[in-house]
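Respectively, the protein sequence lines represent chains A and B. Numbering follows the working numbering, with no gaps: position 4 of the first sequence is 184. Numbering follows the working numbering, with no gaps: position 109 of the second sequence is 1414.
Fair warning: there could be bad hints in the mix.
Said to hold, decoys possible - Derived, one-sided and incomplete: chain B residues facing chain A with beta-carbon distance under 7 Å:
# : residue
1 : Pro1328
2 : Gly1342
3 : Thr1361
4 : Arg1383
5 : Gln1385
6 : Pro1386
Read the hints as simulated data drawn from the structure, not as lab findings. Source: prediction; values computed, not measured. From the three backbone atoms N, C-alpha and C, an ideal C-beta is built for every residue, glycine too.
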Amino acid sequence: MNPRLAHLLTCLYPRPWRERYGEEFEAFLQSGPGDLQAMANVVWSALHARLIPTRGNPMNQSPNSFRAILKHPSAFLPLAMSLAALGVLACAAIYGFLQGAGGIIRQPDEGTAAHLWQILMAGQLTVLLYFAVKWLPRAPKQTLYVLALQAGAALASMAPVYFLNL
Amino acid sequence: MRSTRNVVHPEEDPKIGYFSDPPLLVLASLANGPKHGHAMIEDIARLCGTRLGPGTLYGAIARLEQQGWIEPLPAEDRRQPYRITGEGLRVLRAKLTTLQQFTKAGLRRLESL
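All chains should be built: construct the whole structure from the sequences, respecting the hints.
Next comes the structure, spelled out in structure tokens:
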């Protein structure tokens, strides 16, 4: 079917429907025959979708949307690891204050907190790489947003180490 | 004479019509593995002779997805495959069993004519 016609027909559907299925439906129409019967079927179905909206839960997100991608373990694990690394630093700092050292207590062999931080930060690199390789070809824009979020979390975790010379 | 001997197939007499319950057809099509839209249409046409229109197919997909009976898989190129969920399999089995019982009862009645 003509891409412009496919787009016009998709526009007949209600907005929530279009937000969820619009992109894939348009691609589906474009790859199919653009005969009168198919067009009439789409017009009738769009009218039906407007008059009797699909019942049940609100329309699910597209599987390639930012939120949907963020729910995949390879997307949220690096974020969680960065936050956990930041948590390790916070715990070490609180422990230092409680011991009266006024901050993180430096140990000659770097200590448990430092090793944990290093494992968490280095461990997320493989997950991050896997995420980028898997998702960048499928949904480049949304994947870049998630990668930016992951980079932000990693920087937030590295900032105290850099600025406090830990 | 057994009246079921004179079965007329829809291909022979289009006036009889085809079985048309798009959500059930989509569930049955996905029962043997994930498929994208065009593969579903072709599979359903082979299964029972019904060729769903694009709007009808996506209407059924939307309903089934909202009910949690099918779910999308990551897109392949520009094609969006779907697969049946565990709950969808349970519903399909229940519906087909009811349909089977209904068919058996209906045919028994015809045979007794």
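Cross-check of the supplied hints:
no., hint, result
1, Pro1328, "violated (11 Å)"
2, Gly1342, "holds (5 Å)"
3, Thr1361, "holds (6 Å)"
4, Arg1383, "holds (4 Å)"
5, Gln1385, "holds (4 Å)"
6, Pro1386, "violated (10 Å)"
Hint violations for this structure: numbers 1, 6, all remaining hints satisfied.
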